[in-house]
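Q: One letter stands for each residue in the lines below.
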Amino acid sequence: MTLAEAVAPTTSEAGDALVVSHLDVAYRVRGKDRLTLRDVSFRIGAHESFGLVGESGCGKSTTVQAITRYLPRNGSVTGGSITVAGRDLMGMGAEELRRLRSRSVSVVYQEPGRALNPSMRIGRQVAEVFRVLGCDRGESMDRAEEALRRVQIADPARVMGAYPHQLSGGMLQRAVIAMAVAVEPALLVLDEPTTALDATVEAEVLDLVAGLREQVDTAVLFISHNLAVIARMCDRVGVMYAGEIVEGGRARQVFDDPRHPYTVGLLRCVPRRGQRKDHARLDTIPGFLPGPGEVPAGCVFASRCPLADDRCREETPSMGEVAGSHRAACFKPDEAPSIPRSTPEELPVRSGGTSPEPVIRLEHVSKTYTGRGDPVKALVEVDLVLYPGETLGVVGESGCGKTTLARLLLGLTSPDQGSRMTLRGADLAPVAARRSREELRALQIVFQNPDSALNRRHSVRHIVGRVLTKLAGLAGERKERRLVDIVRSVRMEPRHLPMRPAQLSGGLKQRVAIARAFAGEPAVLVCDEPTSALDVSVQAAILNLLVDLQSREQVTYVFISHDLGVVRYLADRIVVLYLGRVMEYGPAESVFAGPHHPYTEALLSAVPTLDGTGRERIRLEGEIPSPAHPPAGCVFHTRCPRRLVDGTCESVEPPLREVSPGKLLRCHLPLEALGRLEPGGGELGGPEPPGRREAPAGGQQGGGGGVPAGEGGLEG
Amino acid sequence: MATTGTGGRAGPEIDGGRRPGGAGSPEVVDPLVTLALPDHELASSGAMAVSAGRIRREQLGLLVRSKTFLAGSAILLFWIVCAVFGGFFRPYNPDAQNLLAINQAPSLTHLFGTDNLGRDVLSRVILGSRQILIVAPCAALLGTVLGSALGLVQGYYRGWVDSTTGRVVDAFLALPIVIIAFLIIVAAGPSVPTLIVVIGFAFGLVISRTVRTAVLQERELDYVAAARLRGEGAAHTMFVEILPNVLGPIIVEFTVRLGYAIFTVATLSFLGFGIQPPTPDWGADIFATYNYLSAGYWWETVFPALAIASLIISINLIGDSVESVIIE
Chain X
488 MTLAEAVAPT
498 TSEAGDALVV
508 SHLDVAYRVR
518 GKDRLTLRDV
528 SFRIGAHESF
538 GLVGESGCGK
548 STTVQAITRY
558 LPRNGSVTGG
568 SITVAGRDLM
578 GMGAEELRRL
588 RSRSVSVVYQ
598 EPGRALNPSM
608 RIGRQVAEVF
618 RVLGCDRGES
628 MDRAEEALRR
638 VQIADPARVM
648 GAYPHQLSGG
658 MLQRAVIAMA
668 VAVEPALLVL
678 DEPTTALDAT
688 VEAEVLDLVA
698 GLREQVDTAV
708 LFISHNLAVI
718 ARMCDRVGVM
728 YAGEIVEGGR
738 ARQVFDDPRH
748 PYTVGLLRCV
758 PRRGQRKDHA
768 RLDTIPGFLP
778 GPGEVPAGCV
788 FASRCPLADD
798 RCREETPSMG
808 EVAGSHRAAC
818 FKPDEAPSIP
828 RSTPEELPVR
838 SGGTSPEPVI
848 RLEHVSKTYT
858 GRGDPVKALV
868 EVDLVLYPGE
878 TLGVVGESGC
888 GKTTLARLLL
898 GLTSPDQGSR
908 MTLRGADLAP
918 VAARRSREEL
928 RALQIVFQNP
938 DSALNRRHSV
948 RHIVGRVLTK
958 LAGLAGERKE
968 RRLVDIVRSV
978 RMEPRHLPMR
988 PAQLSGGLKQ
998 RVAIARAFAG
1008 EPAVLVCDEP
1018 TSALDVSVQA
1028 AILNLLVDLQ
1038 SREQVTYVFI
1048 SHDLGVVRYL
1058 ADRIVVLYLG
1068 RVMEYGPAES
1078 VFAGPHHPYT
1088 EALLSAVPTL
1098 DGTGRERIRL
1108 EGEIPSPAHP
1118 PAGCVFHTRC
1128 PRRLVDGTCE
1138 SVEPPLREVS
1148 PGKLLRCHLP
1158 LEALGRLEPG
1168 GGELGGPEPP
1178 GRREAPAGGQ
1188 QGGGGGVPAG
1198 EGGLEG
Chain Z
2 MATTGTGGRA
12 GPEIDGGRRP
22 GGAGSPEVVD
32 PLVTLALPDH
42 ELASSGAMAV
52 SAGRIRREQL
62 GLLVRSKTFL
72 AGSAILLFWI
82 VCAVFGGFFR
92 PYNPDAQNLL
102 AINQAPSLTH
112 LFGTDNLGRD
122 VLSRVILGSR
132 QILIVAPCAA
142 LLGTVLGSAL
152 GLVQGYYRGW
162 VDSTTGRVVD
172 AFLALPIVII
182 AFLIIVAAGP
192 SVPTLIVVIG
202 FAFGLVISRT
212 VRTAVLQERE
222 LDYVAAARLR
232 GEGAAHTMFV
242 EILPNVLGPI
252 IVEFTVRLGY
262 AIFTVATLSF
272 LGFGIQPPTP
282 DWGADIFATY
292 NYLSAGYWWE
302 TVFPALAIAS
312 LIISINLIGD
322 SVESVIIE
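One line per chain: the protein sequences are X and Z, in this order.
Each position in the first sequence, counted from 1, maps to that position plus 487 in the working numbering.
Each position in the second sequence, counted from 1, maps to that position plus 1 in the working numbering.
The shape of chain Z in the complex, shown without the other chains (with noise of 0.2 Å):
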């Protein structure tokens, strides 16, 4: 074809022009200060009339408008009020044994039948958001900060200091993060804080990799060449200067990793190094029932099955709109 061309060239010119700061009365220039000369491109416009608030108040706008945030925030909200307030609605005690009914099939006094244990899955799956949904953000909130700080830190001085952390990193990422988590909790004892530390400590790890690139990215633009030139230490340089412009993929990569961790804390659950039993917990409850499937049980299972699924497509459609918003 004759026509050759990157085709589609920056779009529309709309937003990056300039517009006119509407009627804005220009003030009065102390004549001693600026050099007697009435420059036009003086100040009275220029600038948009767009405030940085309005631009995060119309992202947050986008944000609510799109459909998949909605859904997702709506399947989210759905678990984190079982969560909070399942205990005042859920039909039976989940804990409470009844070896008279163990093994129902759904019905009208057991929406989601009862287990080997004739204990109400409803119940169960109502109350067993409420670990995971603790774990699972303390986890990549830790895993976020630790990852950011890692990722800053590899990428603004670069040389020995990110070869030697890097292969350090990549020695812990050659195994499979629940297999890392599995062999410290075998060491430490499973408990709430142990795995929210174990899985926040490999989620920084692949989260430090991300925001190097970043880094990496942005430590050339001349900006920081600017604050280099004042004087400012290394720590200013990257937590003021470089962090906020790296946010955006931070943003991004903590939603990500929260349906990670979702599922990772489900795994160590139904592998028995997660949350404990009696406590009702999705991942251990599909382990303590998967037998009866072929028995024909499959409510036991199913439904716990079901609510994790539910819980990580809710915040993968969040982390979705959120991406789009961000990168635009």
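Okay, chain X solo, but in the shape it has when bound (with noise of 0.2 Å):
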């Protein structure tokens, strides 16, 4: 059986608007061709969505590239066919290129800041796109003004005279998208299109592109690391590890029973619904991606499987039968769903209670940037106490203040007149050249790039031996056994210590981050974003440790993150910012258990669940305002679905309230007007990990997921 068969709906049309077939692309580099897709087959029939889904550096981009024969010039397509439409692309020649270019295939990417001229107006491009048809200058206007509407731009006009750099992010991606459908392709493929956007913009956009699919007449391709926006999305599912198809079938099939071991570890990586640190450690996936273009003997996940026995490192599995069309390159696919975790599940134990003494008070803290133009507010009158070895988690869309706010705790700019900080009840200095040493080592930060944050010349011993230097004041043979320690807490080797970070792995880079905030002790350490570079499995594994370290050190943590699955797991008070102001402030249960500030109520049903059970979708309306120019009465009015209609809330900004104890809303409603999303305790992050799954809870079935199944002729 081949894998053609294997990941394709059991009839295949002659229709079908994508076929790979046994594809190997290589790179060429530095003389040596490296394999980098292996033997990759999927169809994808008329009107049918489908996604390939996998951590970085598993084919996935390569795979768009060749599909639309864009490889980079190093790379080549090394066997096997893809057939678009009916019609061989390998075959073609430049003008065949970009007429299937031109009206065939469109790809919308990542970041549509970069996918547009910088120095057009937006209507001029979107036009361009019928002009190539060979539409006069008017007709293309009036086209690409529909093309816009027809995304749900509420007002194309203006945004056709706008220049991208006066669009959001998420406008920008709208026109891209009304550009690629604009021709009503045969497929329509989207290369993690809502990678680069806040969560409430990428359920609008995933909700556009489902709408559209209804409309127009187009196969989707849609790539992605983010597993539950896949589920969302797709009718059928690829999973992608190391240049090969491992698991393929229908969506629900795939995520709900899993059959290959990496599709089994990758979804327990993802905190599911509700857990949180104090009831059990991730589970991760040991070891690490094959290198480029290595091809082990035997089956690619062998060295990270479990279950490997010796057959699995010599043979490679084919893609086997599992459930009607859903299939697993796996020997022991009835195994799968039951492999033991790789990391125990116990928790660490938490050395000392929590003291009443707050380590950092935060009074009245503002930030106002000045500059040309009219000055900016990016944080107003923020009060926070952070108690030792609690985490604080911090969320908010971009430019909500959850930068400025970690900035200013650091140091790195100065609060505004009137603003107080206290460490341990004394004041602390508001710029980091003027605090004191002790100061310095109380608040330290892992920053969210690790490629920015470590000094690319110097080594791993460097890094964090200038640290205990620096704040620990240590030298010498005790400088050095620290160092050790410290490295191997972080649970890396003495062998790192002479190497530099371009040797290491992300996961590894962050590690150093990690080991070089923890060196001086620090009693605060603010993280900002520290896992959304970095993939699931890797994130898993860094989420265990810093809360290992938690447990054992009695560190506070501020934990800036969009992923609120990720700060659901970890956090035990969260405050919820938005334009520069606290909108919610209280204890991690009672805000994700409600009742919720209409905003964080937007913010938790933005989140695409794994599980696909669809939930009522709050959708927030317009783009969130330039804190410069701030609404009048509550900030978020423009844009809060449960407004008064009495005009208060356009004119009187609400005061910051206790509801319960020691939790804070900034809204005029009352609580019971107030919504509650999740009465059962939790809808958040990924599902219940295979094999452990209970009854499903009663709920809302089908509906939001978008998709009907069995479109396409898809059932057997």
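Short, incomplete list of chain X residues facing chain Z, as computed with Cβ under 7 Å:
id : residue
1  : F934
2  : L941
3  : R944
4  : V954
5  : L958
With a Cα cut of at most 25 Å, we get these calculated SDA-like pairs of lysine to any residue:
id : chain 1 : residue 1 : chain 2 : residue 2
6  : X       : K966      : Z       : T238
7  : Z       : K68       : X       : R515
8  : X       : K957      : Z       : F240
9  : X       : K966      : Z       : V241
10 : X       : K957      : Z       : N246
11 : X       : K519      : X       : N561
12 : X       : K957      : Z       : V154
13 : X       : K957      : Z       : G234
14 : X       : K957      : Z       : P245
15 : X       : K957      : Z       : V241
16 : X       : K519      : Z       : E59
17 : X       : K957      : Z       : A236
18 : X       : K957      : Z       : A226
19 : X       : K957      : X       : R969
20 : X       : K966      : X       : Q1037
21 : X       : K966      : Z       : E233
22 : X       : K957      : Z       : E219
23 : X       : K966      : Z       : G232
24 : Z       : K68       : Z       : N317
25 : Z       : K68       : X       : N561
None of these hints come from the bench; they were simulated from the model.
Note that CB positions come from ideal geometry on N, CA and C, so glycine has one too.
Each of the two chains sits in its own frame; use the hints to bring them together as a complex.
A: Now the structure itself:
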């Protein structure tokens, strides 16, 4: 049985939008061919949506490049075939290829800002699509406006006259999608189209794409690293690992009942519905992706698989049938769902209790950026208290002031007059340069991007050792011993000490950054999206590490993240920011349980879920207003779906009021009028891990999933 | 076209990927130190097998394999040999005048002919490389050091430090470098050290611009913030943290300036303010002989001119290949 059959609908049709069979792609690097895709086969029927999911380096993007014949100069298809709408892609000449790209295949990439020409108005760029089709100038502009209206841009005339930098990321992505679907292509490729967007905007764009598929007769290839997004958007799915498709089938089947150990592991890495750090550790996938171009004998996943035996290491498994169209390239698909955890579930013992004395207190902290133009209020009158050993989760969309808060705490920017920060009761100097060694020691940070945070010319030894010298005041023998201790405590080895960041994987780099932050034994550690640049399996390991270190060292975390599942897993208390103001602040459980501030409610409902159960989606209208010109009254009223009809919200800024012990809300609405998303406890995050599912929680089924199953002759 | 997007998305995922570190034996981890947790990302692999040394060796290998680099080095090496050992194989004493054999066309006795004083042009071309190969590299090196320091300070402090020093640099650069050099040499009197200092200073101003731009980008990276958060002083941050990361553009700038330094030395010598006669020098020789071009004595001018051109081209070839390897 071939792979092509394995991931294809059981009834293959002549009208398939895309057939990829036995595709091999190699990159030539320093004179050597490195096989990056091996025997990749899948088929997308007309009007069907197919998802490719996998971690970075698995070959998703290479697949897209091969399908559009946009492989870089050193890449080439070394085997197999690609057929688009019945025509062989590999045999096409330049002119035919041009026609194919202009009419039959459209691609939407991750960053709309880079996909559009910054010096051309949107209208002209969209109209260009129609110019290529042969329309005259006037007609092109008319059709461009129509295309923008179709992607639910409320005011297309304004958008057409704007340059890309004047529009938000979500709006730009809509424009790009408008261009992509304008020609009604046979195949629409979406390559991580929402990864660069905020959760609320992502939800809107996904709704839009799902809606467009009803109107436009096009097949969709959806590429994402986000399992939940794929689960929501796709009929069928292929899970890629190290350049191969290891499991495929109907999306529901694959995510509900994964049969390849890699898929099982991947699903377990995501903090699942309502899981918290005091429940259990996250599971991880041991080991590392094989190096590029390395073709291991036997199964590609064998080196990381807990089930691997001699056969797995010698023979390459072919895609075997699990049930109907669901297939997995594994010799033991029946054992896969119950693979043992690779990380024990037990939690580290928490040392010491939490003391009631706050370690950090912020009072009326504001930050106004002045420069050219109007002053921008990035943070307005924020009061926060941090206790030893707790985790404060900071959430909000981009531009809400999360990063400003972090920089103020650390002294990287100075707050406005009248702000007060205290460390263990004593005033804290506003800027780092004026802080004493003890103050500097007390507050450290783990940055989002380890590539930027680690000096690429310095060794691990220098990076961590310098902190020991400067902050811990160690030297010689004692410094050396402490260095080894620290490196081991982030689960690296002394042999990593002489290495430079470029020699380490993304996960290891972030460990070095964590080691550096812990070297001075801080009281408060700010984690600014520490896992958002990492793959889920690496993220799980880093989150486990942070939890372990916290329980041992009694460190307070200020954990900034846009990923509510991760925040929920880690945080004890949560603060929700919008336009620099605290909207909601309280214990994590009560923030997630509700009643919610309308903004929190929107954030929570925007998160796509893996179990696919639909829920009442709250969509925000409009865009985040500019912080330079915040709306009058409640700053959220312009987007609030629950605003009062009497106009109070538009004119009076609500105070932050305590609604239950320790929980503060900034809203005019009475508590009874506010939404509650999850009476039962958990809707966030991933699904139950395979093998330990409870009876499905009674609830809303179907609907929100968006994609009708059985479309396009799927069922056999 | 319907294909919207950047098209050239960061090419193959090859080099950014992770590689297992070969068969590294996982060390026994002290259970007291780490929590009892067999976290498998545990360090037994995950580091790339490539060491920093190997990256550097690979870069060197790329350089040595590039044809432009080889051609450039061959020409440069030729001139260096002439400068160092020219005294042994020059056919005549370059300063020896032979008034009985002036303005002789190239022949077997004088391969490049003789000049208006009867001196052997070939010998003067061979030994003319000496002074210029001392002055130009020293000046370029001095300029690079000065320029890097100035650029680091400007880019690191920004604000008033940057704007005041920047205006001063602007004022100097408003005049052609040759004119600045010319004015200072006239005041100080021509000599090799003056020449080096003057050209080095002028080039330093130009180089500071490039370095400043690189530093401005670099200082926004988080590792600089991390240095502030452990209380590092300005000097440490500039020279230990930032400088190693802007070495690439500095090296490229050095090779480019080296070419310009040769050009400038030759120009100043031609104007009579560089290397002083009777020391053999290409620029000065062109000045001494260009009047005779109209009389048809082309060899006296053309051979030194070709020498200058070949040296500058060799430096530019080397510079180009270094740049392409460093910037990749």
